[in-house]
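Colleague: Sequence:
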Amino acid sequence: MLTFQLTPYADASWQAVDGGYTAADGASRVTPINHPMVEHAAYTDSVRTLIVVRERATGRASLDSSIHYAGPEILDQVAAEASTWPGDHVLVHTAPGMPVTVTAGAARTTPLYLSADAERLYGSWDMADLKQFATGLHAVEVARLLVFRPRYSTQTVFEGIHRLTERATAHFGGALHISYPAPALHHDPRELADDADVLGVFVELLHEALDARPWQPATTVFHLSGGFDSGCIGTTAAKRHPHQIRTAALLIDGPGRAQQERRRAGMRTVLPFADDMTIDAAKLLPLDPECPRVRGKLISLYDEPLFFPFSQLTAKLARTGTTAIVTGLGGDELVALSESEAPHLDLNRMPVMPPWTGPAAVTLLEYADVGTAPPAPINSMTLLALESTAPPLLREGIWPIHPFANPPLVEFGEQLPYGWRDFKQLQRRLLERLGLGMDVVRPIQRESFAEIVQTALAGSGTTLLERMLADGSPLFDRQLIDADAVAAAVKTMTEGRYTEGQESKLLEVVHLDLAVRAFLS
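Residues in the sequence shown are numbered from 1 upward in steps of one, following UniProt numbering.
Hint data in this document are derived by calculation from the structure and do not stem from the laboratory.
Heads up, none of these hints are tricks.
Computed cross-link-like contacts, SDA-like style, restricted to lysine to any residue with a CA-CA straight-line distance of at most 20 Å:
#1 K491 to A470
#2 K131 to T31
#3 K239 to P214
Turn these sequences into a full structure, and let the hints steer you where they fit.
Modeller: Now the structure itself:
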């Protein structure tokens, strides 16, 4: 939601310039995103300066985008209140003769990547802005991603580029240090009262989550994949705002395609939705030669895995005047089972290694949990998903809204008994109560992008892997990926053999290679 360069110890005053803030000596600047969902202001007691950039919240007074002068006590009060903002926010503190600090809020909607040289701290929501600081591979992070064991931390795949995690503070006085916050407390499941209206409370919390952001139906689109999570949010909104809720989705391929179309049609027929927009992902494959990621553009590895079809849908929405999109991200984590409830889902056990996992990566996985962020109010997997979605949207001027990441909904989900969380009973029962048929509530076919990934890998994916083998890669040199095993996998696919549980994981190898070429060249 912002970019900046900050010089510590400087005694220059700040000025409001061109929708942002610039130090009088030109050595520091803070530039918020220009979007109707983002607001900002600066406060100073003539010594210290606080710059606040935050997501707008419904029913809260808007910030005046200028420099506000206040006494030291008032400035302290403003800083304390700003740190409790319920939406996404970033606070920048500067003072003469002092290091600079940057603190992120708990309700992260956008990523913030950091880099530093000997003189300044740099930050951006777009990793591409920090390319010059990428000095090499962070081998532990690469190992995590290769075996699909992501961890929420300050580490990224590139040495020299860091992530500012929720509630963390970056300190810079010539060297960058990021301090983590205290762990967030969570709830255990509880027994329900005899008269508990679970679905009624669920709908109220969905309304509350949607009402927390000042979105407008005319410029907002709801993601409606046909699945349970976006379905609950979209149908709830359509019932409340009849004939005003526009929808959009990526269409999958394979056996689940017809069912997805029926489920979407079922929701849109029963509930009073407005216009709909789709992109056929089978015709805009993730590794298409026209994809910016494949063409060597600076697209972060953490950006949406299905970047090409997703960015095409986003651009299409932007052309219709869309400035916000509401998603169902976080719905899986809302009703996730604990390790004791589902031991087979233990995310801490050592994962199955794809055959191309190099010996260095296998060794480094012993340290996969070192340096990870403490428990956050919002599930860390949700936070990673939100960060993945945001950059492609922000490039098109679209702000993401994620109701299932609203803290009251998160706390509600944590306290639900097992029977309401298992098999997504909460979402299923709500859709059933809305009068939707069995095709929506109890689908038979799996709906996923697995077939899209298979087509992409078996086509241009093999070409990209063959290029990687021919050109060589630091991933081979560091023994993070085994070149012979990749060659064997390419041979398997060119012979028409493909196993979803194994070859599909080559998508991460391709994305890693493309990121290395773009950022380390």
